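Engineer: Model the full structure from these sequences, guided by the hints.
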Amino acid sequence: MRIAVIGAGVVGATCAFELAERGAEVVLIDRVGIAAETSSRCEGNLLVSDKAPGPEAELAIHSNARWRALAERLDAEREGGQPETEFEAKGGVVVAFPGGEEALRRFAATQRGIGVRAEELGAERLLAAEPHLSPEVVVAIHYPDDAQLQPSNATQALAAAAIRRGARLVVAEVTGSRAEAGRIAAIETTAGAIEVDAVVNCAGPWAGELGRRLGAPLDIRPRRGVVLVTTPMPQRVFHKVYDADYVGAVGSGDATLQTSTVVESTPGGTVLIGSSRERVGFDEHPGVDPVRAIAAKATRLFPFLEETILLRSYFGFRPYAPDHLPVIGEDPRVGGLFHATGHEGAGIGLAPATAELVAHAVLGAPTSLDPVPFLPGRPGIGAAA
Amino acid sequence: MTRVAILGAGPAGLAAAEAALAAGAQVTVLDEGARPGGQFWRHRPGLTDPRMQHGVRRFEQLQSALAGAEVHSGAAVWSVEPGEPGEPGEVGGAVVLRAAVGPADGARREAVVVEADALVIATGAHDLALPIPGWTLPGVTTAGAAQALAKRDGVSVGRRTLVAGAGPFLLPVAQSLALVGSTVVGVHEASRIGALAGGWLPKPWQLLGKAGELAQYAGALARHRIPYRVGSGVVRVLGDERVEGAVVAQLDADWRPRPGTERVIECDAVALGHGFVPRLEAAIMLGCEVAGDRRGRFVVVDDGQRTTRPQVFAAGEVTGIGGADAALAEGAIAGYRAAGVAQDDQRLHAALRVRDRMRRFARRLETAHGIRPGWTAWLDDDTIVCRCEAVAKRAIVERAEVPLRAMRLATRAGLGPCQARTCGRAVEAIVSEARASAAGVAAAGETVDGSSSSAQGGDVGFDRRPLLAPVRLGELGGSDRPTNGEN
Amino acid sequence: MSAARNARGSIRSTGATGLTAVPAAVEILVEGETVTGRAGQTIAGVLLGSGRVAWRGAQHGERGVFCGIGVCHDCLVTVNDVEGVRACQREAVDGDRVEREVRE
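Chains as they are written, first to last, in the working numbering: chain A, 1 to 385; chain B, 1 to 487; chain C, 1 to 104.
Just so you know, the hints here were simulated from the structure itself, not pulled from any lab data. Misleading hints may appear alongside valid ones.
Facing chain C, from chain A, some residues (calculated, C-beta under 10 Å) [claimed, not checked]: (1) 25; (2) 231; (3) 232; (4) 233; (5) 234; (6) 266; (7) 303; (8) 308; (9) 309.
This one's a predicted model, so the numbers in the text were calculated from it and none came from an experiment. For each residue, glycine too, the CB sits at the ideal point set by N, CA and C.
Structural biologist: Here it is as structure tokens:
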């Protein structure tokens with residue numbers, strides 16, 4: 001089966017890898033190259049701690065387990081010059097300031113109800129786990145399953161693994177498609193037409209526009225997120241540490257600037273500080289407001305950061321659907337067209353389970369996941385048949 | 001009254017301030033240095049040997065003029081943004097600058113917010129030292145460092161210094177080193193006689209602006225018995241824990257070392273200056289058009305030093321490497337124009353004439369001394385290219401085919417504390433060469449990357465920096481009220 | 001013969017410009033050791049004047065000053081417990097405590 005996977009971010013690369021491994025003839029197409037946009041402009045979070053019980057939490061838990069084996073395989077088959085995924089099962093610590101105790105404890109209790117490990121740390125264990133944390137913190141929940149990787153490198157590794165399994169990378173922009181008997185027969189690109197049996201739309205925040213070019217528009221929009229990077233330093237942050245205000249904010253419909261604090265060290269010695277959320281289209285001038293807002297909250301969490309030098313900031317566009325659930329599965333309008341997008345800020349974490357659902361939809365591969373909540377035909381996505 | 005902000009207090013910024021003040025503007029100058037002067041007039045009263053300073057009278061005039069301006073020295077300007085005119089009481093104007101002001105890299109410096117109706121970007125340039133095997137050894141510095149340490153601090157890094165690179169700037173560096181007591185064991189100019197003749201012979205007095213200066217440097221070299229070699233360069237620095245010597249070789253017209261011409265020169269310091277890199281990040285942050293490629297990328301300006309952004313002007317080395325006289329002329333034009341003076345006003349005439357003459361000088365400079373592509377031949381695979389993150393050439397070549405952004409993240413080249421200011425152009429050249437070699441064509445000069453279909457990764461290589469200067473997280477907050485013009 | 005002594009010599013020779021023949025000194029503590037420089041020098045200037053050429057541990061060996069104008073960040077030191085200070089940019093103040101930084 002000839003499958004075009006469009007978009008070489010983490011979702012596209014993982015789908016290409018999964019489909020190629022299952023014997024499909026895969027062409028991975030991107031207008032710039034591998035990990036050129038969202039997947040190199042994010043934090044590499046593999047989180048279960050921020051998910052309330054529901055379909056996305058199921059996806060996250062499933063993906064989290066799969067990433068461990070996947071990262072090990074990718075690192076093991078690494079070839080000359082290819083970077084490591086930097087997968088690290090460091091665990092997350094979610095903390096609350098006075099006033100936030102009960103909300104955080106209640107949230108953790110609901111998560112334990114679906115099998116997420118979430119353990120409250122006493123003062124002594126917290127001090128041992130994160131000695132530089134603000135003494136103002138009153139509750140801390142440890143999520144041992146939260147993990148981190150270097151998203152750009154991991155995407156490179158996935159694409160390389162797909163290519164080793166026969167996938168072909170084409171750097172070109174998709175301009176349209178040709179249908180035969182109601183099914184996509186070929187896609188038109190700036191590098192010529194490519195005949196296909198199936199197409200997977202993994203264009204992230206541009207998936208709506210790509211859908212339109214393929215005759216199947218989707219309501220997928222960009223959410224801008226800014227991340228700060230400090231100068232390298234001796235390690236002072238040992239887990240992924242979140243302010244509990246992260247919880248509940250991801251799905252907010254508010255368009256104005258919001259931030260929730262995530263602080264973590266990287267193997268390079270820098271500290272990553274996330275992140276903001278703004279619904280401002282593809283605006284590429286975040287200005288100083290998100291940077292200042294993130295810095296203010298991060299220094300409250302870790303007072304030593306006051307004197308830490310900020311080296312740079314970056315931003316990316318996260319794709320989201322109006323109901324904030326990923327969009328995964330066959331398009332009800334165009335035969336042979338599948339979508340895998342709308343992962344918002346969780347695409348890295350959700351990629352393996354997404355690829356599993358795509359392999360299920362395209363090739364009929366088995367899955368233990370319930371695909372129904374993510375189908376593009378659900379109301380409000382603009383794809384209902 | 002027109003509020004003019006000037007970013008940088010070197011020759012261009014000072015001339016802009018003088019002109020804008022003369023035209024009646026309210027002027028605010030922000031500069032990272034401890035005192036005005038920039039690299040050209042870098043000094044410290046009580047330490048600087050006056051023989052190293054040129055155009056001192058002009059500098060004194062410019063400093064006197066500054067009395068009418070608000071001057072923030074020691075200002076780490078970390079952001080410049082378009083303002084939002086038309087909202088009374090809010091931060092407005094054409095531009096808003098934010099700075100942390102105080103001792104260099106201090107904690108809890110004062111937050112300064114400046115809003116202005118016009119901005120002159122006069123951020124200058126820094127030395128470009130190309131990577132060389134062994135260049136991370138203590139004792140290797142840029143030529144600019146040797147000059148700054150001699151002028152500002154009255155010290156030299158070593159007792160026997162080898163000066164190498166390209167361009168007339170190497171001559172005052174050698175002179176300064178001699179004046180602070182270091183023996184200069186040689187000045188090695190990479191360009192060959194042919195290029196030098198092509199660039200300079202028609203009008204040699206344009207070298208360094210004035211014939212007098214040229215003669216003075218020639219005299220200084222002779223007086224200190226400093227050998228001057230052309231078509232020659234350092235291709236390896238030797239030493240265990242610090243510089244013990246350097247290998248020099250003859251270079252061909254493309255700066256490729258000629259096999260068999262290597263010889264070892266004993267020295268304990270090497271000062272390298274292969275050219276200059278303009279400091280473009282403020283212009284890029286504001287969205288000013290930048291033209292050129294890694295071999296020479298500059299802010300685009302019109303005859304009135306206007307950039308492509310309204311009310312934003314640029315002067316000095318950010319618009320082309322032309323030396324102090326060009327910077328002074330451009331600064332004056334930019335200052336008048338920013339203050340609202342018409343282009344055909346007679347006050348601009350003299351500066352316009354000098355500027356046009358110095359543009360020809362800049363072209364000669366590039367023809368004679370511009371970096372040639374063969375330099376990469378002196379690199380080993382394991383030569384560190386990115387000094388901050390210790391990334392070797394091999395790693396960059398191995399990832400050259402992926403988008404520039406992904407290459408950086410994979411190798412960490414250019415991701416360290418200097419944010420690719422030191423290695424950016426070299427990394428771009430290596431990537432470009434590796435891609436061309438993979439494609440079986442000669443390395444082209446154009447953009448390294450289409451990086452992003454959007455403008456984000458853009459066509460400015462590594463020169464886009466979302467923070468203009470390092471700043472501490474605790475210094476980002478504070479009031480948003482503009483602090484200029486309060487008195 | 002150190003560079004500083006050389007430099008001082010040249011300063012003396014220019015006394016006519018108003019420079020004092022015996023410049024004021026500045027004393028800083030470098031890793032606990034008192035180091036004397038000339039008033040107004042940067043920390044890098046004081047360190048070089050005292051014969052030190054490298055003072056930061058990098059991934060492959062020691063580093064000192066490289067660009068000298070605040071661009072390269074090779075010369076970083078900790079000053080009075082504040083990390084990441086560019087020695088070439090910071091003017092030394094009497095009593096400054098200067099410590100090495102090491103990049104793992």
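Engineer: All hints are to be evaluated individually against the structure, with a verdict given for each.
Structural biologist: Structure-based check of all given hints:
no.: 1; hint: 25; result: violated (44 Å)
no.: 2; hint: 231; result: holds (6 Å)
no.: 3; hint: 232; result: holds (6 Å)
no.: 4; hint: 233; result: holds (7 Å)
no.: 5; hint: 234; result: holds (7 Å)
no.: 6; hint: 266; result: violated (12 Å)
no.: 7; hint: 303; result: violated (14 Å)
no.: 8; hint: 308; result: holds (8 Å)
no.: 9; hint: 309; result: holds (5 Å)
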